[in-house]
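> Work out the full structure: start from the sequences and follow the hints.
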Amino acid sequence: MASSKWARFAQKEYGRLYNISIKKRVRLAFMVMIALAICAVGVSSYKIAARELQKNAFATRQEAVNKTAQILDDKLYQISNAVRSIMFSDAYKQMMTDVQSNRIADYYVHLSELQYVFSQVGYNEPLIDGILIATPIGDFYPISRRRSQTQSFYESNLYYDIKNLTGGKWIEGHTDKFFTGNSRALSFVTKGMAGDDSDTNVFIVVNVNESGLIATLNRQAASGGDPYFIADGDGEEVVRTDWSAAHGLHRDEPFLRRATGGQGSFFYDFDKAEYLVNYTRSSVEPDWLLYGVQEKSKLLAQMKGVQRTTLVLMGVFLLLSWLLSNRLTGLLLLPLFKLQRLMREVEDNRLDVRFSSRSGDEVAQVGFQFNRMLDEINRLIRDARDSEAGKRKAEMRALTAQMEPHFLYNTLNTIYCKSVLGENDDVNEMIMALSQMFQLGLSGGKDWNTLEDELSHVRQYCAIQQKCYEGLFDYEASVSDDALLGCTLPKILLQPIVENSIQHGFKDRSVDGRIRIKADRENGLLHLTIEDNGSGFDAEQVKQRMQLNRDAKKGYALVNIRERLRLFYGDDARMALSNTGEGGARTDLWIPIGRTEGEGDA
85 MASSKWARFA
95 QKEYGRLYNI
105 SIKKRVRLAF
115 MVMIALAICA
125 VGVSSYKIAA
135 RELQKNAFAT
145 RQEAVNKTAQ
155 ILDDKLYQIS
165 NAVRSIMFSD
175 AYKQMMTDVQ
185 SNRIADYYVH
195 LSELQYVFSQ
205 VGYNEPLIDG
215 ILIATPIGDF
225 YPISRRRSQT
235 QSFYESNLYY
245 DIKNLTGGKW
255 IEGHTDKFFT
265 GNSRALSFVT
275 KGMAGDDSDT
285 NVFIVVNVNE
295 SGLIATLNRQ
305 AASGGDPYFI
315 ADGDGEEVVR
325 TDWSAAHGLH
335 RDEPFLRRAT
345 GGQGSFFYDF
355 DKAEYLVNYT
365 RSSVEPDWLL
375 YGVQEKSKLL
385 AQMKGVQRTT
395 LVLMGVFLLL
405 SWLLSNRLTG
415 LLLLPLFKLQ
425 RLMREVEDNR
435 LDVRFSSRSG
445 DEVAQVGFQF
455 NRMLDEINRL
465 IRDARDSEAG
475 KRKAEMRALT
485 AQMEPHFLYN
495 TLNTIYCKSV
505 LGENDDVNEM
515 IMALSQMFQL
525 GLSGGKDWNT
535 LEDELSHVRQ
545 YCAIQQKCYE
555 GLFDYEASVS
565 DDALLGCTLP
575 KILLQPIVEN
585 SIQHGFKDRS
595 VDGRIRIKAD
605 RENGLLHLTI
615 EDNGSGFDAE
625 QVKQRMQLNR
635 DAKKGYALVN
645 IRERLRLFYG
655 DDARMALSNT
665 GEGGARTDLW
675 IPIGRTEGEG
685 DA
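The sequence shown lines up with residues 85 to 686 when you count with my numbering.
Worth double-checking, as some hints may not be accurate.
As the list claims (entries may be wrong) - The calculated label-pair distances, taken between Cβ atoms and stated as ranges, are:
no., residue 1, residue 2, range
1, R456, G678, 37 to 43 Å
2, S236, H611, 45 to 51 Å
3, D656, Y200, 51 to 57 Å
4, Y200, R268, 24 to 30 Å
5, E147, R456, 18 to 24 Å
6, R268, S129, 28 to 34 Å
7, I227, D509, 49 to 55 Å
8, Y191, Y500, 23 to 29 Å
9, E147, D318, 25 to 31 Å
10, S196, N663, 40 to 46 Å
11, D459, G265, 54 to 60 Å
12, H611, E666, 17 to 23 Å
13, Q631, Y500, 37 to 43 Å
Said to hold, decoys possible - Straight-line distance between alpha carbons at most 30 Å, and here's what the computed BS3-like set of lysine-lysine pairs gives:
no., residue 1, residue 2
14, K380, K502
15, K591, K602
16, K380, K151
17, K159, K177
18, K388, K131
19, K151, K253
20, K422, K380
21, K530, K261
22, K131, K382
23, K627, K591
24, K388, K139
25, K602, K551
26, K382, K356
27, K551, K502
28, K177, K151
29, K530, K602
30, K382, K151
31, K275, K253
32, K139, K151
33, K151, K422
34, K247, K275
35, K382, K139
36, K159, K261
37, K177, K253
38, K551, K591
These are computed hints drawn from the structure, not numbers from a lab.
Every residue, glycine too, gets a C-beta built ideally from N, C-alpha and C.
In C-alpha cells, the structure reads:
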C-alpha cells in the first residue's frame with residue numbers, strides 16, 4: 085500500500101518535472117550536481133583542514149615554547165657572560181689585587197672605579213636588577229642601589245649554597261635581602277676569580293628582575309594565549325607567576341610524572357578545563373622546565389571557524405551563482421583603502437596607528453612592513469630622547485664634580501698650623517665643620533640638596549674660612565618663609581659664589597668683610613641673593629668673559645653655576661650679576677620651586 089502511494093507520488097513529481105521548461109530542468113540538474121559536489125568537497129575539506137589545523141596547532145605551540153626556552157637560555161647565558169666581563173675588567177683586577185693583599189685603604193677608589201663596569205653591564209642587559217661583589221675587604225655594588233645593612237653575604241644561604249661549588253649557580257626566585265626594597269629576583273652566584281686562580285673568598289651575585297624576565301618570555305606568547313611559567317623538577321616555582329602560584333604544581337604528582345624528558349606535550353585538566361601543556365628543559369639550568377599552557381578550546385578555535393566557514397561557503401555557492409563585480413572590487417581593495425587612510429594619519433604625526441589584517445596577501449604584507457617602519461621610527465625617537473636626557477645628566481654631574489682642590493689644601497694647611505701652635509679648639513671646630521661640609525656636599529650621591537642643607541653647607545664653609553682668615557668677614561643668611569627650606573636645588577650651588585666673595589671681593593681687605601644670603605619667594609620662583617661689601621666687579625665684563633672663555637679658570641665658578649642651572653632647569657632658571665649700593669658684588673638666582681631631578685632630566 086505504502087509502496088504504491090510512493091510510486092504514485094514519484095510518477096506525479098516526475099510528470100511535473102517534465103512540465104517545466106528545459107532551462108529550469110538543466111538549472112535544477114546543475115544545482116543538484118553542484119550541491120552534491122559542494123557538500124562532498126566541503127565535508128572532506130573540513131575533515132582534512134581540522135586534522136591539519138590540530139596537528140599544526142600542536143606543532144606551532146611546541147615550537148613557540150622551544151623558542152621561548154631558547155630566549156630564556158640566551159638571557160641566562162648573557163647574564164653569566166656579564167659576570168665574566170666584570171671579572172675581565174681592569175677595575176675588578178685592581179680590586180682583586182688589594183683583596184689578595186688584604187688592603188682596605190683603597191676601598192672607595194675601587195668602589196668608584198667599578199661603577200662604570202656596573203653601569204655598562206646594566207646597560208647591556210636591562211634585566212639585571214643588582215650586582216654585589218662580596219669580598220673580605222668589603223662589598224662592592226652600584227651606588228644607585230641602596231645596600232641593606234642587615235644581611236651579610238657570608239651569613240646568607242647563598243654563601244652556603246655556593247662556597248663548595250666550582251662553577252656558578254642559578255638561584256630560584258626569592259626576596260632580595262642584599263638591597264633595600266624587598267624586591268623579588270633570580271640570582272646568579274659565582275666565585276670571583278683572581279689572575280692566579282687562587283681561592284680569594286670573593287663572590288659575585290647578579291640579581292635578575294623576576295617580573296621583567298617573565299614579561300620578556302610572555303611577550304613571545306601568542307595573542308590570547310596563557311602565560312609561561314618556570315618550575316624546577318619538583319614543581320617548585322623558579323619565577324613566581326599567578327598561574328604557578330594558583331595551581332601548586334609541587335603538590336601535583338600526576339602532573340610532574342608527565343613532565344619528563346627534554347621536551348614534550350600532554351593534555352591536563354586544570355580548573356575543570358582541558359589544557360595543552362608544552363614544556364622544554366633549559367639547557368643552561370637542566371633542572372628548570374619552561375611550561376606553556378593553553379586551553380584546548382582556544383587552541384582549536386580555528387576548527388570552529390573552519391566549520392562555520394565551510395557551511396557558509398556551501399550556502400553561498402548554493403544560493404548565489406555570481407558576485408557583483410563592484411562589490412568584489414570593493415572587498416579586494418578594502419585593505420588598500422585602509423592602509424591609505426593610515427598613511428594620511430601618519431602625515432598628521434599620529435605615529436601610534438597600526439595596520440591590521442587577517443589575510444596574508446601582498447597588501448597585508450605592505451601594511452605589516454608599514455607597521456615595522458613605524459615601530460622603528462618610534463624606537464629611534466625614543467633612543468634620541470633617552471640619549472639626550474642621559475647626555476644632559478652626565479654633563480650636569482660632571483660640572484658638579486669639577487671642584488678646585490685649593491680650598492681643601494688651604495684648610496688642611498691651616499689645621500696643621502693651628503695644631504702645631506696648640507690651638508686645639510680651633511682645630512676641632514675646623515675638622516668638624518669640614519666633615520659636615522663634605523657630608524652635605526656628597527648628599528648620598530644625589531645631584532640636589534634642599535635649601536636648608538645648602539645653607540648649612542655654606543655655613544660650615546664660612547666657619548672654616550673664618551678660622552683661616554680670622555676677622556676678615558662675617559656671614560649672615562635669612563629666609564623669608566621657613567617653607568622655602570624644603571625647596572630642592574642643585575647641590576654646591578651657593579658655596580662657589582661665597583668663595584668668590586672671599587677670594588676676590590675681600591682680596592684688598594683684612595677686616596670688616598660682610599656676606600649676606602637672602603632667600604624669598606618671587607612670582608612662584610625661589611629668589612636667592614648673595615651680596616658682599618667687597619671690591620665688586622664689572623658685571624658686563626664678567627658676563628662677556630663667561631661667554632667667550634667658558635673653559636678658563638678665571639670666572640669658572642660662575643660659568644659652572646650657569647651651566648648647571650641650564651642643564652637642570654632649562655630656561656626656567658636664570659642668574660643675574662650686579663654691584664650693590666656699597667660697591668660690593670651681588671649675584672641673584674631665580675630657581676623654580678618644587679622641581680626635582682627627574683623633571684630636570686625629562
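> For every hint, state whether the structure bears it out.
Now for the hints, and whether the structure bears them out:
1. R456 to G678: 37 to 43 Å: With Cβ atoms ~42 Å apart, the hint holds.
2. S236 to H611: 45 to 51 Å: 49 Å, holds
3. D656 to Y200: 51 to 57 Å: Once the Cβ atoms are compared, 32 Å apart, the range 51 to 57 Å for Y200 and D656 is violated.
4. Y200 to R268: 24 to 30 Å: Holds: the Cβ-Cβ distance is about 28 Å, inside 24 to 30 Å.
5. E147 to R456: 18 to 24 Å: The hint (18 to 24 Å, Cβ to Cβ) holds, given that E147 and R456 are roughly 22 Å apart.
6. R268 to S129: 28 to 34 Å: 51 Å, violated
7. I227 to D509: 49 to 55 Å: 36 Å, violated
8. Y191 to Y500: 23 to 29 Å: 26 Å, holds
9. E147 to D318: 25 to 31 Å: Holds, at about 27 Å.
10. S196 to N663: 40 to 46 Å: Given range 40 to 46 Å: holds, Cβ gap about 42 Å.
11. D459 to G265: 54 to 60 Å: Violated: the Cβ-Cβ distance is about 33 Å, outside 54 to 60 Å.
12. H611 to E666: 17 to 23 Å: Holds, since H611 and E666 (Cβ atoms, about 20 Å apart) stay within the stated range.
13. Q631 to Y500: 37 to 43 Å: 40 Å, holds
14. K380 to K502: Distance of about 85 Å is beyond 30 Å: violated.
15. K591 to K602: 23 Å, holds
16. K380 to K151: Between K380 and K151 the Cα gap is close to 21 Å, so the pair holds against 30 Å.
17. K159 to K177: 26 Å, holds
18. K388 to K131: Measuring from Cα to Cα gives roughly 12 Å; hence the hint holds.
19. K151 to K253: Judged against 30 Å, a Cα distance of about 23 Å means the pair holds.
20. K422 to K380: Status violated; Cα separation ~34 Å.
21. K530 to K261: 23 Å, holds
22. K131 to K382: With Cα atoms ~19 Å apart, K131 and K382 stay inside 30 Å; holds.
23. K627 to K591: 21 Å, holds
24. K388 to K139: Distance of about 15 Å is within 30 Å: holds.
25. K602 to K551: 23 Å, holds
26. K382 to K356: 15 Å, holds
27. K551 to K502: This hinted pair holds, its Cα atoms lying about 10 Å apart.
28. K177 to K151: Not OK: K177 and K151 at ~37 Å, beyond 30 Å, violated.
29. K530 to K602: 24 Å, holds
30. K382 to K151: 21 Å, holds
31. K275 to K253: 10 Å, holds
32. K139 to K151: Roughly 18 Å separates the two Cα atoms, so the pair holds.
33. K151 to K422: 33 Å, violated
34. K247 to K275: 8 Å, holds
35. K382 to K139: Holds, at about 14 Å.
36. K159 to K261: 23 Å, holds
37. K177 to K253: It holds: about 22 Å lies between the C-alpha atoms, which stays within 30 Å.
38. K551 to K591: 16 Å, holds
Consistency note: the structure conflicts with the earlier hints numbered 3, 6, 7, 11, 14, 20, 28, 33.
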